[in-house]
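Chemist: Listed here are the chains, written in short residue letters.
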Amino acid sequence: MKNTKIKRNIEKKDFSKFHIILFSFMMGLFLTLSSCDDFIEVEPSDVIATGSFYSNPEELAFAVNGVYSLQRDIYGDNLWFILQEIRSDNAGIPGYGEGDASLNYFQETSTNNILSLQWTRLYILINNANTIIQRAVDVPQNNATEEALVARIVGEAKFLRALSYFHLATSWGGVPIRTMPTSDFDNAVIPKSSRSDVFAFIINELIEAAEVLPTSYSGGPLNEVGRATKYAAQALLGKVYLQNGNASAASAALTNVISHYQLLPDFKDIFAPGNDNHSESIFEVGFNPSSQTGMTFNNFFLTTDIATELGVAAGGFGNEPIYFPTQDVMSIYEANDLRAAESFSEFEGVAYISKFIDPDAAGEEGSDINWIILRYADVLLMKAEADGESSASYELINQVRRRGFGQNPTVADPAIDINASTTGTFFEKVQLERRREFAFEEQRWIDLQRFSESETVDIMNNNLSTEYPTDNVPPIDEHNLVYPIPALEIEVSNNVVTQNPGYN
Amino acid sequence: MKKIICGIVIKSYIPNLNLKIKLTSVLLLFCLSGSYAINTFDIIDTDYSESKDLTIINVFSKIDDINKAEQDFSLNGIVTDSNGQPLLGANIVEKGTQNGTQADFDGKFSINLSNKNAILVVSYLGFLTEEVEVNNQFTINIVLKEDSAKLDEVVVIGYGTQKRKDVTGSIASIETTQIDTRPIASVEEAMQGLVPGLNIAQRASSPGELGTVSIRGLGSITAGTQPLWVIDGFPTDQRNAMAINPADVLSVDILKDASSTAIYGSRGANGVIIITTKSGKSGKPLFNFTVTTGVATAPESERFDVLNAREYVQFHTEKNGGVVPAFIADNWDGTTDTNWQDLIFRSGIFQNYALSASGGNDKVSYLLSGNYIDQEGIVIGEGQKKYSARAKIDFKASDKFTIGINLAPNVTTIGRNSERTDVSDWASLYAQSILMAPILPVHRADGTFSMNSDLAGALPIGNPVETSRNYDFQQTIFQFLGGIYADIEVAKGLNLRSSFSANIGTNKQETIYIPTLGQAIPIGMPAASFFNTGQSQSFDWLNENTVTFKRQIKDHSISVLGGFTLQRNKSESVNASVTELQVPGVRNVNIGNSDNLVGANSKSESSLISYLGRINYGYKDKYLVTATVRTDGSSVFGSNNRYQTFGSGALGWKFSEESFLQNQEFLNRGKLRVSYGTTGSNAIPPFSSKSTLNTRRQSFGSNTSFGVVLGNPGNDFLTWETSEQFDIGLDLGLFKNRLNVVFDYFNNKTKSLLLTKGVVPSSGYSTYLTNIGSMRNKGIELTLNAQVVDTDNWGWSVGGNITTNDQEILDLGGEEEIFNFFGALRRVVGGELQQIAGPRAIGIAGVGDDQSGQPLQTPGAVIYEDVDGDGSISNFLGADSQLLGDTNVDLIYGINTNVRYKNWELSALINGQSGAYVYDFFIIQIGAPFRQTNLSTDYWYSGRYISESQPGDGRTPAANGFDGAVGSVSSLGVQKTDYLRIRNVTLNYNAPKSIAEKLGSSSARIYASVENLHTFTKFVGGNPEARRASAGGPALIGGSQIPSVTDGRELGLNSPPGLPLPRTWTLGINLNF
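Chains A and B supply the protein sequences, listed in that same order. The first sequence begins at 1 in the working numbering and counts up one residue at a time. The second sequence begins at 1 in the working numbering and counts up one residue at a time.
Source of the hints: derived by calculation from the structure; they are not laboratory data. Glycine is no exception: its CB is placed at the ideal position from the N, C-alpha and C atoms. It is possible that part of the hints are untrue.
Here are the simulated distance ranges between beta carbons [said to hold, decoys possible]:
{"id": "1", "chain 1": "B", "residue 1": "A326", "chain 2": "A", "residue 2": "P469", "range": "53 to 59 angstroms"}
{"id": "2", "chain 1": "A", "residue 1": "V411", "chain 2": "B", "residue 2": "G758", "range": "42 to 48 angstroms"}
{"id": "3", "chain 1": "A", "residue 1": "T145", "chain 2": "B", "residue 2": "P409", "range": "56 to 62 angstroms"}
{"id": "4", "chain 1": "A", "residue 1": "E428", "chain 2": "B", "residue 2": "F930", "range": "52 to 58 angstroms"}
{"id": "5", "chain 1": "A", "residue 1": "E43", "chain 2": "B", "residue 2": "G758", "range": "43 to 49 angstroms"}
Below are the DMTMM-like pairs computed for lysine to aspartate or glutamate, each with C-alpha atoms no more than 20 angstroms apart in a straight line [to be verified]:
{"id": "6", "chain 1": "B", "residue 1": "K363", "chain 2": "B", "residue 2": "D374"}
{"id": "7", "chain 1": "B", "residue 1": "K281", "chain 2": "B", "residue 2": "D394"}
{"id": "8", "chain 1": "B", "residue 1": "K1018", "chain 2": "B", "residue 2": "D978"}
{"id": "9", "chain 1": "B", "residue 1": "K976", "chain 2": "B", "residue 2": "E948"}
{"id": "10", "chain 1": "B", "residue 1": "K757", "chain 2": "B", "residue 2": "E816"}
{"id": "11", "chain 1": "B", "residue 1": "K603", "chain 2": "A", "residue 2": "E41"}
{"id": "12", "chain 1": "B", "residue 1": "K757", "chain 2": "B", "residue 2": "D806"}
{"id": "13", "chain 1": "B", "residue 1": "K757", "chain 2": "A", "residue 2": "E491"}
{"id": "14", "chain 1": "B", "residue 1": "K363", "chain 2": "B", "residue 2": "D330"}
{"id": "15", "chain 1": "B", "residue 1": "K570", "chain 2": "A", "residue 2": "E146"}
{"id": "16", "chain 1": "B", "residue 1": "K165", "chain 2": "B", "residue 2": "E175"}
{"id": "17", "chain 1": "B", "residue 1": "K751", "chain 2": "B", "residue 2": "D790"}
{"id": "18", "chain 1": "B", "residue 1": "K396", "chain 2": "B", "residue 2": "D446"}
{"id": "19", "chain 1": "B", "residue 1": "K570", "chain 2": "A", "residue 2": "E41"}
{"id": "20", "chain 1": "B", "residue 1": "K603", "chain 2": "A", "residue 2": "E43"}
{"id": "21", "chain 1": "B", "residue 1": "K281", "chain 2": "B", "residue 2": "D555"}
{"id": "22", "chain 1": "B", "residue 1": "K603", "chain 2": "A", "residue 2": "D184"}
{"id": "23", "chain 1": "B", "residue 1": "K757", "chain 2": "A", "residue 2": "D184"}
{"id": "24", "chain 1": "B", "residue 1": "K751", "chain 2": "B", "residue 2": "E658"}
{"id": "25", "chain 1": "B", "residue 1": "K736", "chain 2": "B", "residue 2": "E658"}
{"id": "26", "chain 1": "B", "residue 1": "K570", "chain 2": "A", "residue 2": "D186"}
{"id": "27", "chain 1": "B", "residue 1": "K278", "chain 2": "B", "residue 2": "D330"}
{"id": "28", "chain 1": "B", "residue 1": "K778", "chain 2": "B", "residue 2": "E808"}
{"id": "29", "chain 1": "A", "residue 1": "K230", "chain 2": "A", "residue 2": "E146"}
{"id": "30", "chain 1": "B", "residue 1": "K570", "chain 2": "A", "residue 2": "E389"}
{"id": "31", "chain 1": "B", "residue 1": "K620", "chain 2": "B", "residue 2": "E658"}
{"id": "32", "chain 1": "B", "residue 1": "K570", "chain 2": "A", "residue 2": "D46"}
{"id": "33", "chain 1": "B", "residue 1": "K492", "chain 2": "B", "residue 2": "D446"}
{"id": "34", "chain 1": "B", "residue 1": "K116", "chain 2": "B", "residue 2": "D81"}
{"id": "35", "chain 1": "B", "residue 1": "K757", "chain 2": "A", "residue 2": "D38"}
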């Protein structure tokens, strides 16, 4: 015990000095902190924290750019092609088994991975759009320019959200309508709405979007050409009305779009690599390898041999095309219809889909082809379909036909034009022309839904038995016209979300 | 002869310095004039309150004039330990008197004794007290033996130390004397087997790879199972612990129960390992020099045994129905028999040089040390070099004020010339050397390198010789751990301490691969020439402020700790890689194809604020109470759950101190301990609770824009995993403390496990991280240490420890079963953490056996159990899948023994484990008989079915009897990992002083050591502790093969096989100056 009180007392004055030094040392750091809570409030700096974002119009614009980019996920690989074209009578897939092939044969189950992936992607887009729409309410808008920008961004978000809901409703029928961002995971379940409620929601959204969206964009940051326009919203609105059986409303909506676009003279230029946002295109999803956003799935259509023959850098897949055109779709074109050669081809006896070929597409970078969602030819044919049989409607159809035959669309040509005396019902004639025009453009499956259910079932059963004669594919019935709701949605919701009829 | 003044006691309060000087002067004069010597100068102050009036009572309470000069007797001596090291400050007291002295720096002392037959009582902390008869000697050498019971051993308990005898928690300690002769590059390599409850598995045995550490089993599914590493008070990670110079380590304390770990709050759930480094002691400068060199080899017996050319041809001929297959006939010259493993293994040189200087005076003590370790791997091109230094200085500015600094920079460079052996199934040299067919020569006739794909139909497995020339990986890790502290005693027993420390690290990596021109790219290798360079930096700082108060008041001893700490971690990394190098060999990303240039960076940050407190209370040195509390606030958790309080309570009863146990010889020491408490685990990525946005590119036409999309969903309610831990322990010292027993029962329950939970996909998310589920680890630990023989010339001690662990998942947030790794591994409520699942092989078909429904229907094919009786065998996802074993280690043990004869000492350490299984995907998928790769002799060849008359061992199928669809994820791949390993044998020679002096040193020690002498195991394929991550597995699940996994270490997977643990022979010498 060396420390004596004696000494302690002697050094008492010094102690206060030590105290101060030590105390300062100890507290020095503490004092630099305004509070303990601040010390443990650390925000990430290499990613963006959601909490503080969406605070001004520019950040909203970044967010809506993100929603556009999510469309690349939806259309940029082969999944949507499987659900829209492979499902239809336009294209097929070799083999009989799980996964993609089961969707071709209508044998899929609710656990099908492609279904749940695509369902999830559509709802991821919706959740992102919901976040923008909800957060925009609180974004300060200091002047008319900012007000207009915020209103436009909300319009874009609504357009993109409506398009996703349209895909959901035409694929699954009634689905949960989500309009708020997901935040409380313990109460995240929302039951399905009816198909008609979903359509009513979409229609309302598109009307609102059309009111605030501009007819065109001037280019430059935040005004890039390629964003959703008023016409895109009206064209989609027309499509939605038509799909929902409201022909007059469809016609009215589509009328607004007429004459603002024109058919490209040459059919093959529509999907030409690098030909972005051309005068026929109303809305398209941008892909560009040089921005690391190339499209990759279109080379699924080529075998290695075909790719070599065509000089496609990506090189194709194996010896058999992964997705092939049906015999049926290849048989619908008349002689001299240039669209046949632009849609499919044959190499050494192997038929392949040739509509979207970018010879410069390299493996991982993909191709420079934008995916067109709405184009003017579609508007013309939809308008004809909505208006019903008339000479004006035939003229709309014939404009599209003449271009397909390499002629001037506006100059009548008796050798090409169709009219009331052409065989078939008017609806059949419109649909045949649509199938020729839009083969492999992910239109056919929803077009088939505008036939009566029994007609669609007959068309598909006929297709299955003639295209796959040796596979003994069981016939389908009406329940197959919508997909099963992904099992995960039903399981995790504890059956609050119910399965579609005919599936378990 | 001088007379002795004993026991000068100043019993009161002296108001000023002058008086003290006067007093001392008077005293000295008195001594001189009267020929007295001052023997002890013991100043004891009394309670302040008793001495309000400044009186001096009994300044000289007793002047013991021992009279009779003719009876006075002066004795000189020296006190050393059994190694001849002087014991500075040893106490020497004449028995029955107050007469005593202390040994000086050299252990020398001088004492005046009352008679020539006096008995000296010699004591020193940590050593057995000796009574020595003087017997008329004038000089005497006293050798103290270390006290094996270590009654006064000090253990580090977190923010303080405590005497072992007063500890109420479960703490095991490793002293460096147990490991300092072993050929190790870091302390953790030597810890396995030494203490119960601690399991350090050598998952990857390449130099520089971390072992996998767990204490009392794995207590978490996702939030980390690593204990907290604390280095000189700095809570950090294993990589930092590995960087320490092993020669700098004073002790390693392993805190295992809540009583000891609750002081670390949210980081204590998996146990705490505290490493304390040596400090200088006052005394003359002491230099310590150690050099150890040796050689490491890959023991033949522990390599992956594969077929030779003849066996390979035989096997594939059988598989081909008795006809030599074309791929052999076309490629084999009939004589080539390449032993590919011989081409990659080598003898690696191990060198370790350590030099330290320490010393000081009553004001300053210092320790300076430097260390260089050069460890070559047993595989060509692998190795590490470690350079480290330390400067530690403590300065006593006054009696009450101490400041100190501790700086420890170190640099480690690690090199390899293949993919890490533990990450690639195909591209590591070891995997290639196993898989390459022995019938292929190293070079083809045209001089190019052969590949396995030279055999028609085989996979392009790379030639390991080629790979080793084309691939280079270099890593340089710099770490600097440094800190300063100040400690002040503001009142008697009341200390304030404040420290600021920082841990700075950079990690630089470079990989370059340049394939041989014109040669096919081997599987698993980059598709073209490839260069990657990356750097990461981290900066952590810690500020700790504690107040401690210690007081003994009559029968009550009390010690209180309070503290406030702040810690912040910050790290960032940047990485760039490029392919198609236009100028081969130039290490610059600009040399590659700029289209393929990929860069990335990341940043991470977290902070922790804590308030802590602990009370240790003892009554009559018999009854002990410890209570601990800590409140942590952490940035990594949800904004609604940032703070949590953890705490523990413990009771101890030293029943051997009770009067009814006093008068017996059998039990010398006995203590019962009970503790209960909660600790946490916060090892999740820093921003898991935050909802974040990801940036994405968007192309409007040909314009590139950027956008943001929702990323991590976050969870504002995310909080700690909490572990509730119960421990009951018994410490016994028997037969004069020659048998020591420590027993513990533990039961740890981890609640609110951090798991991802599914949400409805329509929410826009698939899963989120939340707190659900619970699991439990319980078991016993038993340690026995016996000093069987202990004479001057002979000594023999034996020790052993054993730990059992019974693990159970109690709840998985409502799920009965969670599929892990595609369902090949499963977490099942009621089962252990990880269960292996798949169809079970029940035998090998003979001729005429019913094989309907089986995947293959030939004699010699595997027969699987048809669990659902549907007449066919499903793969591992179907109805015939069953649980096949678990990956938890149920039992670990260690045995050590030490035989001493005079200056020679021989010690051995054995350790082992049992009860864990592993899914060996290398053996049943990569190196399975359905490929043309080489394969395991033990697994597929030796016991195989050949014919009806040669049915083999009944477990091994015929060469053509193994199917991929069911078999490649089935019980055929389940291996038991039980082993017993002779971990180390060391022979030590303490040179006698005469020899040491010839070497110019005060003491010298020479030792020879062998590490990993032999492993006894039935495990096929090398190191049974190996768990591998695989980066490039085979095909997909459809055909029943499992794809790759990023880290399989704790999954219980093995693929590719781990390198054998190197057997290292070393010679070393340790000199003290």
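Chemist: Evaluate each hint against the coordinates.
Modeler: For each hint, the structure was consulted:
The hinted range of 53 to 59 angstroms is not satisfied by A326(B) and P469(A), whose Cβ atoms lie roughly 39 angstroms apart. Between V411(A) and G758(B) the beta carbons are some 60 angstroms apart, a value that contradicts the proposed interval 42 to 48 angstroms. Distance hint check for T145(A) and P409(B): the Cβ-Cβ separation is about 57 angstroms, which falls inside the suggested range of 56 to 62 angstroms. Our hint of 52 to 58 angstroms for E428(A) and F930(B) holds, since their Cβ atoms are close to 55 angstroms apart.
At about 28 angstroms, the beta-carbon gap between E43(A) and G758(B) misses the expected band of 43 to 49 angstroms. The hinted pair formed by K363(B) and D374(B) fails the criterion: a straight-line CA distance of about 37 angstroms is larger than 20 angstroms. Under the criterion of a C-alpha separation no larger than 20 angstroms, the hint pairing K281(B) with D394(B) is consistent with the structure, at around 10 angstroms. For the hint linking K1018(B) to D978(B), the alpha-carbon distance of about 7 angstroms falls within 20 angstroms, and the restraint holds.
A distance of roughly 29 angstroms separates the Cα atoms of K976(B) and E948(B); the hinted pair therefore is violated under the 20 angstroms criterion. Restraint check for K757(B) and E816(B): satisfied, since their Cα atoms lie roughly 13 angstroms apart, inside the 20 angstroms limit. The hinted pair formed by K603(B) and E41(A) meets the criterion: a straight-line CA distance of about 16 angstroms does not exceed 20 angstroms. At most 20 angstroms may separate the alpha-carbon atoms for a hinted pair to count; K757(B) and D806(B) exceed this at roughly 26 angstroms.
As the CA atoms of K757(B) and E491(A) are separated by approximately 13 angstroms, the hinted pair is consistent with the 20 angstroms bound. Annotation: proposed proximity of K363(B) to D330(B) is violated, straight-line Cα distance about 82 angstroms (limit 20 angstroms). Between the alpha carbons of K570(B) and E146(A) the distance comes to roughly 38 angstroms, so the proposed pair goes past 20 angstroms and is violated. Distance restraint check for K165(B) and E175(B): the Cα-Cα separation of roughly 17 angstroms lies within the 20 angstroms cut-off, and the hinted pair is therefore satisfied.
The suggested pairing of K751(B) with D790(B) is violated, with an alpha-carbon distance near 49 angstroms, which exceeds 20 angstroms. For the hint linking K396(B) to D446(B), the alpha-carbon distance of about 75 angstroms lies beyond 20 angstroms, and the restraint is violated. Between K570(B) and E41(A) the alpha-carbon distance is near 14 angstroms, which keeps this suggested pair within the 20 angstroms criterion. At roughly 11 angstroms between alpha-carbon atoms, K603(B) and E43(A) fall within 20 angstroms of each other, so this suggested pair holds.
This hinted pair does not check out: K281(B) and D555(B) have alpha carbons roughly 32 angstroms apart, beyond 20 angstroms. About 28 angstroms separates the Cα atoms of K603(B) and D184(A), which puts this hinted pair outside 20 angstroms; it is violated. Among the hinted pairs, K757(B) with D184(A) is consistent with the structure: their alpha-carbon atoms are about 13 angstroms apart, no more than 20 angstroms. Simply put, K751(B) and E658(B) have alpha-carbon atoms about 40 angstroms apart, too far for the 20 angstroms limit, and the pair is violated.
Straight-line distance between C-alpha atoms of K736(B) and E658(B) comes to about 17 angstroms, which keeps the hinted pair within the 20 angstroms bound. Restraint check for K570(B) and D186(A): the C-alpha separation of about 33 angstroms exceeds 20 angstroms, so the hint is violated. Between K278(B) and D330(B), the direct Cα distance comes to roughly 66 angstroms. Violation of the 20 angstroms bound is thereby established for this hinted pair. With a C-alpha separation of about 9 angstroms, the suggested pairing of K778(B) with E808(B) holds against the 20 angstroms cut-off.
A threshold of 20 angstroms between alpha carbons decides the hint, and for K230(A) with E146(A) the separation of about 19 angstroms falls inside it, so the pair holds. Taking the CA atoms of K570(B) and E389(A), the gap is about 71 angstroms. The hint is violated against a cut of 20 angstroms. Between K620(B) and E658(B) the alpha-carbon distance is near 10 angstroms, which keeps this suggested pair within the 20 angstroms criterion. About 12 angstroms separates the Cα atoms of K570(B) and D46(A), which keeps this hinted pair within 20 angstroms; it holds.
At most 20 angstroms may separate the alpha-carbon atoms for a hinted pair to count; K492(B) and D446(B) exceed this at roughly 86 angstroms. Proximity of K116(B) to D81(B) is assessed by CA-CA distance (about 25 angstroms); at most 20 angstroms being required, the pair is judged violated. Restraint check for K757(B) and D38(A): not satisfied, since their Cα atoms lie roughly 30 angstroms apart, outside the 20 angstroms limit.
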